[in-house]
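**Q** According to UniProt numbering, the stretch in the sequence shown is residues 1 to 588, in order.
Hints are supplied without guarantee of correctness; some may be wrong.
Calculated lysine-lysine pairs in the DSS-like style (CA-CA distance at most 30 angstroms, straight line) [as the list claims (entries may be wrong)]:
#1 Lys-148 - Lys-133
#2 Lys-131 - Lys-58
#3 Lys-86 - Lys-378
#4 Lys-343 - Lys-426
#5 Lys-255 - Lys-66
#6 Lys-419 - Lys-343
#7 Lys-350 - Lys-404
#8 Lys-343 - Lys-58
#9 Lys-148 - Lys-419
Restraint-style ranges between C-beta atoms, simulated for each label pair [to be verified]:
#10 Ser-352 - Asp-109: 32 to 40 angstroms
#11 Gly-170 - Asp-137: 45 to 53 angstroms
#12 Gly-528 - His-211: 14 to 22 angstroms
#13 Gly-528 - His-180: 36 to 44 angstroms
#14 His-211 - Gly-233: 25 to 33 angstroms
#15 His-451 - Gly-170: 20 to 28 angstroms
#16 His-482 - Thr-40: 39 to 47 angstroms
#17 Gln-459 - His-180: 15 to 23 angstroms
#18 Gln-188 - Asn-152: 19 to 27 angstroms
Because the hints were derived from the structure by calculation, they are not lab data. A virtual CB, placed ideally from N, CA and C, is assigned to each residue, including glycine.
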Amino acid sequence: MIFSVVLVTAVFVQAISGLLNGNVHTDTTRSPDGAVFHQTLAQLVVELDKRVNDLQTKVNALETEKHDYIVKNTQLETEVLTQRLKQESLQRMFQQQNASLMSLKTEVDVCRTLSFQLNDSLQNLTDGHEKLKSNLDIVKNFTILPMKNDINNMQGHISDILAAQGSLSGNLSHAQNDLHDLYAHVHQEKPGFTAYVDGSFDATGTVILPHVYSNFGSLYDPNTGVFTADRSGLYGFYLGIECVDTGTKIVDLIKSQEQGPQVNRPRSQLKMIFSVVLVTAFFVQAIAGLLNGNVHTGTTSSPDGAVLPQALGLLVVELDKRVNDLQTKVNALETEKQTYIAKNIQLETKLSTQEKKLESLQQILHQQIASVLSLETKEEFYNAFSSQLNDSLQNLTTDHEQLKTNVEDMKNLSILPMKNDIHNIKGHISNILAAQGSFSRNLSHTQNDLHDLFVHVHQEKPGFTAYVDGSFDAPGTIILPHVYSNIGSLFDPNTSVFTADRTGLYGFYLGIECVDIGTKIVNLVRDGSLIGHAACFPQSGVPSYGSSFSVQHIEKGSKVWAKESYDGGSKRIGLRGKTTLSGFLISS
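Taking the hints into account, I'd like the entire structure generated from these sequences.
**A** As structure tokens, this is what we get:
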């Protein structure tokens, strides 16, 4: 009986170092050296600093205007006191006029003098009234209008901050989506397969391997012997064959055709009476350099993401400081508003008092006119003079009413809208604080996800290589007591059993060297189930070699080892020093 083994192994290695090259967001990403992103942050800091300087300049201007307002209030108080003294003087004059009216014939000159004095007093009162109107206009122009301008400027700054914060939130959302896509890509199942011939195969054309140990992704068709890739990437293929008879046997691996491994007989026609063909492929994704050379610069600038958290943290602190400064400014404006309202109430009260005094003065003047009218010789003179006084008082009263209206308009049209503006500013500040809290939480989650992904990508992957030094001819489990490497210490050289510490895709290689005469088959098993085998056919005095490679999905805690399956010949066939068992984690 003639026997052969054909082994094909495929390795798919996809490099994802350029994953984010075509999906950068120019508002958040930057060049590999971080210049663009740092420049954007610097411009934002300069803009915030300029706004703080502008606010400080406005505060200084308000302090100057406040001082001017105090001086003007002092002047108003002095003028009100002067008016009160003049009114008291008029009252005394009126009393004297009442006494003089009892003897009007002898005191006409006194009455005329008092009338002239009254006219002068009314003129002075009118002048004071005009000055009061002028002062109110000055207060409105130099206090309320600049305050409204300041509020408008602050609203503009808040709008800019909200817009910038919205842009940052949008960029963070893009970064989170990219991180999610990257995480899904890293943990995507990798395709792989192991196929073999159980029996003999001596036909020409495509080598059909109808049996499979594993077929992850179902990309290998055991009916046609063809593996079809479902994605672009770097693949590796391993082909192992065992042939009998004489002559040369060549088996080709063919890519991008409708056929699998081809039997080529350029030298002689061979007949394969018995053979075993094994094909194995596995997918390995190398991502060690993913976060080093092709980083998504809007999210991080180094593998551990240290620069981005620091820069964004400083920006959050700076925004919080600006918000606190704006809140302090709003409180100061509210205090100045209350002071201004109190001043307006005082002015209104004083104006009301003046109006009452003017009305009283008008009544006294009417009484004087009535008394003068009783004098026949002075009736026409006093009627004309009284008419003039009435006109003057009426004009003054009309102007006073207009002044009151102006005060109300100034209060309703300036102070109330300013109060609404301040309320709106408070709402904007609350929105900024809420958005800042949400932004901080999202940033923290993103940093944690980046850290977890970095740990997953860079964690040490277990693997081992063990071998026989000398000879081994005992039945059962093949003991390989010596190791070239044992990363993770998962292989026990005393029992030659490998125990997986995590679930994932593993690759195992079994190579054997046989001596004596007969057939030697060694199985690779997982928890007792066959996942691969190697065979050799030593002749007298001539060693023989066989190998196998298997890709398997191994659960955490599962065990893999090699054991003897068949040992035929005149005596037990032994294994020699080239017998090796290797295993390693491809992806988890």
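**Q** Hints first: check each against the structure and report whether it holds.
**A** Each hint, compared with the structure:
Among the hinted pairs, Lys-148 with Lys-133 is consistent with the structure: their alpha-carbon atoms are about 21 angstroms apart, no more than 30 angstroms. For a cut-off of 30 angstroms, the pair hint linking Lys-131 to Lys-58 stands: about 28 angstroms separates their Cα positions. Using a Cα cut-off of 30 angstroms, the hinted pair Lys-86 and Lys-378 holds, with the two alpha carbons roughly 27 angstroms apart. A C-alpha spacing of about 25 angstroms is found between Lys-343 and Lys-426, which places the hinted pair at or below 30 angstroms, so the restraint holds.
Between Lys-255 and Lys-66, the direct Cα distance comes to roughly 87 angstroms. Violation of the 30 angstroms bound is thereby established for this hinted pair. Taking the CA atoms of Lys-419 and Lys-343, the gap is about 17 angstroms. The hint holds against a cut of 30 angstroms. At most 30 angstroms may separate the alpha-carbon atoms for a hinted pair to count; Lys-350 and Lys-404 meet this at roughly 11 angstroms. A distance of roughly 22 angstroms separates the Cα atoms of Lys-343 and Lys-58; the hinted pair therefore holds under the 30 angstroms criterion.
Restraint check for Lys-148 and Lys-419: the C-alpha separation of about 10 angstroms stays at or below 30 angstroms, so the hint holds. In this structure the supplied range 32 to 40 angstroms holds for Ser-352 paired with Asp-109, their Cβ-Cβ distance being about 37 angstroms. A C-beta distance of roughly 48 angstroms is found between Gly-170 and Asp-137, which places it inside the suggested range of 45 to 53 angstroms. Against the hinted window of 14 to 22 angstroms, the Cβ-Cβ separation of Gly-528 and His-211 comes to about 19 angstroms, which satisfies the hint.
Against the hinted window of 36 to 44 angstroms, the Cβ-Cβ separation of Gly-528 and His-180 comes to about 40 angstroms, which satisfies the hint. A beta carbon spacing of about 26 angstroms between His-211 and Gly-233 agrees with the range 25 to 33 angstroms that was offered as a hint. Restraint check, His-451 to Gly-170: a C-beta distance of roughly 23 angstroms satisfies the suggested window 20 to 28 angstroms. Under the hint 39 to 47 angstroms, the C-beta atoms of His-482 and Thr-40, about 59 angstroms apart, miss the expected range.
In this structure the supplied range 15 to 23 angstroms holds for Gln-459 paired with His-180, their Cβ-Cβ distance being about 20 angstroms. For Gln-188 paired with Asn-152, a C-beta distance near 54 angstroms fails the hint of 19 to 27 angstroms.
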